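Participant: In case you want the letters, here they are:
Number of protein chains: 2
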Amino acid sequence: MNGADVLCDVLLANDVNVCFANPGTSEMHFVAALDRKPEMRCVLGLFEGVVTGAADGYARMTDRPAATLLHTGPGLANGLANIHNARRARVPMINIVGDHASYHLPLDAPLTSDIETLAAPMSNWVRRISGPADVAPSAQAAVRASLTPPGIATLILPADAAWGGAGPVPSARAVPAPPPAFDMDVVRKIAEAVRASHGRVGMVLRGRAARQDALEIAGRISAALDVRLFSEVLVARMQRGRGRVAPTRIPYPIDAARALLADIDVLILVGAKEPVAFFAYPGKPGRLVCEGCEVMTLAEHGEDLEAALAALGDELGVKPLQPVSVATAFPDEPAPRGTLTDDAIAVSVARKLPENAIVCDEAVTSARRYFALSAFAAPHDYMMGTGGSIGGGIPMAIGAAIACPGRKVINLEADGSGMYTVQGLWTQAREKLDVVTIVFSNRTYAILHAEMRNVGVNAIGENARRMLDLDQPILDWVSLANGMGLEAARADTCERFEALLDSALSRPGPFLIEAMV
Amino acid sequence: MNGADVLCDVLLANDVNVCFANPGTSEMHFVAALDRKPEMRCVLGLFEGVVTGAADGYARMTDRPAATLLHTGPGLANGLANIHNARRARVPMINIVGDHASYHLPLDAPLTSDIETLAAPMSNWVRRISGPADVAPSAQAAVRASLTPPGIATLILPADAAWGGAGPVPSARAVPAPPPAFDMDVVRKIAEAVRASHGRVGMVLRGRAARQDALEIAGRISAALDVRLFSEVLVARMQRGRGRVAPTRIPYPIDAARALLADIDVLILVGAKEPVAFFAYPGKPGRLVCEGCEVMTLAEHGEDLEAALAALGDELGVKPLQPVSVATAFPDEPAPRGTLTDDAIAVSVARKLPENAIVCDEAVTSARRYFALSAFAAPHDYMMGTGGSIGGGIPMAIGAAIACPGRKVINLEADGSGMYTVQGLWTQAREKLDVVTIVFSNRTYAILHAEMRNVGVNAIGENARRMLDLDQPILDWVSLANGMGLEAARADTCERFEALLDSALSRPGPFLIEAMV
Numbered sequence: 057m058n059g060a061d062v063l064c065d066v067l068l069a070n071d072v073n074v075c076f077a078n079p080g081t082s083e084m085h086f087v088a089a090l091d092r093k094p095e096m097r098c099v100l101g102l103f104e105g106v107v108t109g110a111a112d113g114y115a116r117m118t119d120r121p122a123a124t125l126l127h128t129g130p131g132l133a134n135g136l137a138n139i140h141n142a143r144r145a146r147v148p149m150i151n152i153v154g155d156h157a158s159y160h161l162p163l164d165a166p167l168t169s170d171i172e173t174l175a176a177p178m179s180n181w182v183r184r185i186s187g188p189a190d191v192a193p194s195a196q197a198a199v200r201a202s203l204t205p206p207g208i209a210t211l212i213l214p215a216d217a218a219w220g221g222a223g224p225v226p227s228a229r230a231v232p233a234p235p236p237a238f239d240m241d242v243v244r245k246i247a248e249a250v251r252a253s254h255g256r257v258g259m260v261l262r263g264r265a266a267r268q269d270a271l272e273i274a275g276r277i278s279a280a281l282d283v284r285l286f287s288e289v290l291v292a293r294m295q296r297g298r299g300r301v302a303p304t305r306i307p308y309p310i311d312a313a314r315a316l317l318a319d320i321d322v323l324i325l326v327g328a329k330e331p332v333a334f335f336a337y338p339g340k341p342g343r344l345v346c347e348g349c350e351v352m353t354l355a356e357h358g359e360d361l362e363a364a365l366a367a368l369g370d371e372l373g374v375k376p377l378q379p380v381s382v383a384t385a386f387p388d389e390p391a392p393r394g395t396l397t398d399d400a401i402a403v404s405v406a407r408k409l410p411e412n413a414i415v416c417d418e419a420v421t422s423a424r425r426y427f428a429l430s431a432f433a434a435p436h437d438y439m440m441g442t443g444g445s446i447g448g449g450i451p452m453a454i455g456a457a458i459a460c461p462g463r464k465v466i467n468l469e470a471d472g473s474g475m476y477t478v479q480g481l482w483t484q485a486r487e488k489l490d491v492v493t494i495v496f497s498n499r500t501y502a503i504l505h506a507e508m509r510n511v512g513v514n515a516i517g518e519n520a521r522r523m524l525d526l527d528q529p530i531l532d533w534v535s536l537a538n539g540m541g542l543e544a545a546r547a548d549t550c551e552r553f554e555a556l557l558d559s560a561l562s563r564p565g566p567f568l569i570e571a572m573v
Numbered sequence: 057m058n059g060a061d062v063l064c065d066v067l068l069a070n071d072v073n074v075c076f077a078n079p080g081t082s083e084m085h086f087v088a089a090l091d092r093k094p095e096m097r098c099v100l101g102l103f104e105g106v107v108t109g110a111a112d113g114y115a116r117m118t119d120r121p122a123a124t125l126l127h128t129g130p131g132l133a134n135g136l137a138n139i140h141n142a143r144r145a146r147v148p149m150i151n152i153v154g155d156h157a158s159y160h161l162p163l164d165a166p167l168t169s170d171i172e173t174l175a176a177p178m179s180n181w182v183r184r185i186s187g188p189a190d191v192a193p194s195a196q197a198a199v200r201a202s203l204t205p206p207g208i209a210t211l212i213l214p215a216d217a218a219w220g221g222a223g224p225v226p227s228a229r230a231v232p233a234p235p236p237a238f239d240m241d242v243v244r245k246i247a248e249a250v251r252a253s254h255g256r257v258g259m260v261l262r263g264r265a266a267r268q269d270a271l272e273i274a275g276r277i278s279a280a281l282d283v284r285l286f287s288e289v290l291v292a293r294m295q296r297g298r299g300r301v302a303p304t305r306i307p308y309p310i311d312a313a314r315a316l317l318a319d320i321d322v323l324i325l326v327g328a329k330e331p332v333a334f335f336a337y338p339g340k341p342g343r344l345v346c347e348g349c350e351v352m353t354l355a356e357h358g359e360d361l362e363a364a365l366a367a368l369g370d371e372l373g374v375k376p377l378q379p380v381s382v383a384t385a386f387p388d389e390p391a392p393r394g395t396l397t398d399d400a401i402a403v404s405v406a407r408k409l410p411e412n413a414i415v416c417d418e419a420v421t422s423a424r425r426y427f428a429l430s431a432f433a434a435p436h437d438y439m440m441g442t443g444g445s446i447g448g449g450i451p452m453a454i455g456a457a458i459a460c461p462g463r464k465v466i467n468l469e470a471d472g473s474g475m476y477t478v479q480g481l482w483t484q485a486r487e488k489l490d491v492v493t494i495v496f497s498n499r500t501y502a503i504l505h506a507e508m509r510n511v512g513v514n515a516i517g518e519n520a521r522r523m524l525d526l527d528q529p530i531l532d533w534v535s536l537a538n539g540m541g542l543e544a545a546r547a548d549t550c551e552r553f554e555a556l557l558d559s560a561l562s563r564p565g566p567f568l569i570e571a572m573v
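If you read the sequences in order, they're chains A and B. Going by my numbering, the first sequence opens with residue 57, and the numbers climb by one from there. Going by my numbering, the second sequence opens with residue 57, and the numbers climb by one from there.
Quick caveat, the hints were computed from the structure, so don't treat them as lab data. Computed from a predicted structure; not experimentally measured. Warning: the hint list may mix true and false statements.
No copy is singled out in the list; a pair is fine if it fits within one copy or between any two copies.
Here are the simulated EDC-like pairs of lysine to aspartate or glutamate, each with C-alpha atoms no more than 16 Å apart in a straight line [said to hold, decoys possible]:
no.: 1; residue 1: Lys-488; residue 2: Asp-527
no.: 2; residue 1: Lys-464; residue 2: Glu-411
no.: 3; residue 1: Lys-93; residue 2: Glu-518
Please put together the full structure from these sequences, using the hints given.
Facilitator: Following this line, the structure appears as structure tokens:
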């Protein structure tokens, strides 16, 4: 049994049975090994950013790692931006990066590069397999690292470790490090602070604390003690919809975020980090809480966030049957009609969302209204790119669809962002994934126009316009999708958009709606 | 004057007047500064691999750096694969990577990453601007670094250095380090070796040694002393065509390469590295020269290669008017007819190539015949991706077209490779570049099928097939091109291909031919 087979077997023994791949020559033995394991689902991406973004989406929905297969340093480099997003989402992932045979590296062949150094900034764990006998222990360690938060594990597989004889596969499964226990002293201190600052307390929920059961505990605390609930500006994953507790998302613009948090004296972090400005601006603060606000961490990512919330509830005397405030009926507003707008799309999607759908939101400025409306939609999972690196949406939808067959995935996608990993549409078509992609075609990097105004430039000239606008020529998303084998259609009225959405939701398989806004 | 203005002015003062850009928020002050400099040509890429690949193509044709503008660590990461290619081509390039304001970094906002570490493996020089006053010296140093081989310079521009007051622009131009002189003792030793091993000497020419005048000197040495002339397997740039000395390209397959070099006892490197196998295979050697072959370096990249060749010619008593052997008439073979094939395309392109064209070859396995035929084509420049990272072809054509207005650029592109940076077609359309892209649509990663056979796998199963083939669904390149505003048409016969090629060559502006092979 060669090293490549051992690596596959260790992955499969640990239920890592999806491999998003863009292989090259140095990975041919690993590809041959995968070929001998039909129980491994291999999903080809035509660009590595698709591969890593899909692994991110998969992990968000399963809390389990997928493997990625990347070709040497440049292949890893192409995948790094979405590994960055995954790292910021704090999901598990096992990147397998093929490299030259160890004895070939000193020859400095064209594809040689320093893979360890490239991997380090976006990985929590990096290891180079030292030889065939090291494949099994390294693979076990990679699985363990991926399951021990934070979980981005990058494993470098030299070709000669893959093709060398590697002995038997260990029978034991990799055991992740046990999660650290949250601290009861901290719980008591926070309970005291909540009581002392009644009505001026906020709580930021993320990760496992943004799932239905944890949200419900937080919702009871909120109802009983007037604690305001927030999500981070970029939502890794949150369970939303009717009947669920609905935190308010901290806005992206600094002034709006600071206004929201202006009367919060105690901010409790549950798996979250202290909210900070996305970017710095001259003369504006980077922290978003008000002067003197006490920021307290109830529990960190990797700890049992739901148990920590329950402990806080107990400490505060919140009863398990305490009523919670949840969204119920959809806001009473007329159905959108006429010219299509960003907000009309948000309303239509929220209204028509099927039960148990998954929404991948990379519409940047365009779907701003969606998150608030999602509280009134059918229960669903909601997620965004979390590292600020655009190009995560189309791949994330791939991963979510593969993770959750039978659930409809809706990808709210900006045209600017979508182009970074547009190749993912082909994978959606090939795998017949149940993804409806809605491209908000506004023919511009709208966020950058806003940011130009933020830096004080109101009238822009030719050079700036040509760097911020996507017109000349206009992207035709129907042609792009068709070119990758994906059915698609265009809408420029609300009526047409709703008809296309109804049709796409009524049948399985991928579809793209180009929404002209 | 703020730092961003100073940076632009230093670039412009040093004739760096093309900026390939994919900006984000942290670069808005730099974008505003570029907007005030209409003499800077700003070219938007919809993905960073387009941006860096274009800068590579520009530098190959001008021997001068373009600037790239990239957004924080993930933006740089997306551009690294083509920076890797550029580094292997040893061209000058100035990457400007925007980052958060320095005081914002400790807050670890979502887009924060370790840019220095990401940049290091693919850069020859990395510097972070320390503040507004450091912009001018850093920019000067970056220009100098880019012009002092090897020349990949990466300059990190924190937002507060861009927006801070930065004083006047230095009037002096950046002066690159003087090129090291080649060593006359080495020249004499090599001359001795050439005489001693008459008929068993080879010479590998690259970089400036692969331009017409240097090739001619090498050709005279070759004719006078029976020295065989080679190019590296991946050609950074070579002047080819009728009337020019035509080195033989060292083949990619190890066995063929070793056979070519089997009777070479002395191999002289002129700006080149010793040829090695692209990848390692079990039981095959990594070096390509025969046992006992003496490898001697006449001059290294960065030295005056043409002068070194001239000195060697003098030392060997080769006369300036010694006849050289050059290709003249096109090989006598019938024009291709009927079903379109890879080789038929190579023949048609070589036959019809306009004078002074630029050929960017990223067709991987498909255009194998082209290089040999290019010796008989009209005089032109030929270049390939040099780092083995695919996705360089479409962007390289952009850079070449911007570098050389009035010259036709022909991009021989594989379908697999083309998808990595397919977004570049949009930039070709927007800039109305004189590029004819020929996509060899074979619906497979043909090279990987060959490599599977190389590792001993002849019958492949479902998992491997799905990782190596691009069918299901088939990519429709005409739709993809049209979706990005580019005219395109499909050919599946030689006649149709030639008609499309004639038409595309007869008028300016971009066109894509999907060649079904």
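Participant: Work down the list of hints and note, for each, if the structure agrees.
Facilitator: Taking the hints in turn, this is what the structure says about them:
no. : hint              : verdict
1   : Lys-488 - Asp-527 : between (31 Å within a copy, 14 Å between copies)
2   : Lys-464 - Glu-411 : within (9 Å within a copy, 55 Å between copies)
3   : Lys-93 - Glu-518  : between (55 Å within a copy, 10 Å between copies)
Going through the hint list in order, the structure satisfies each hint without exception.
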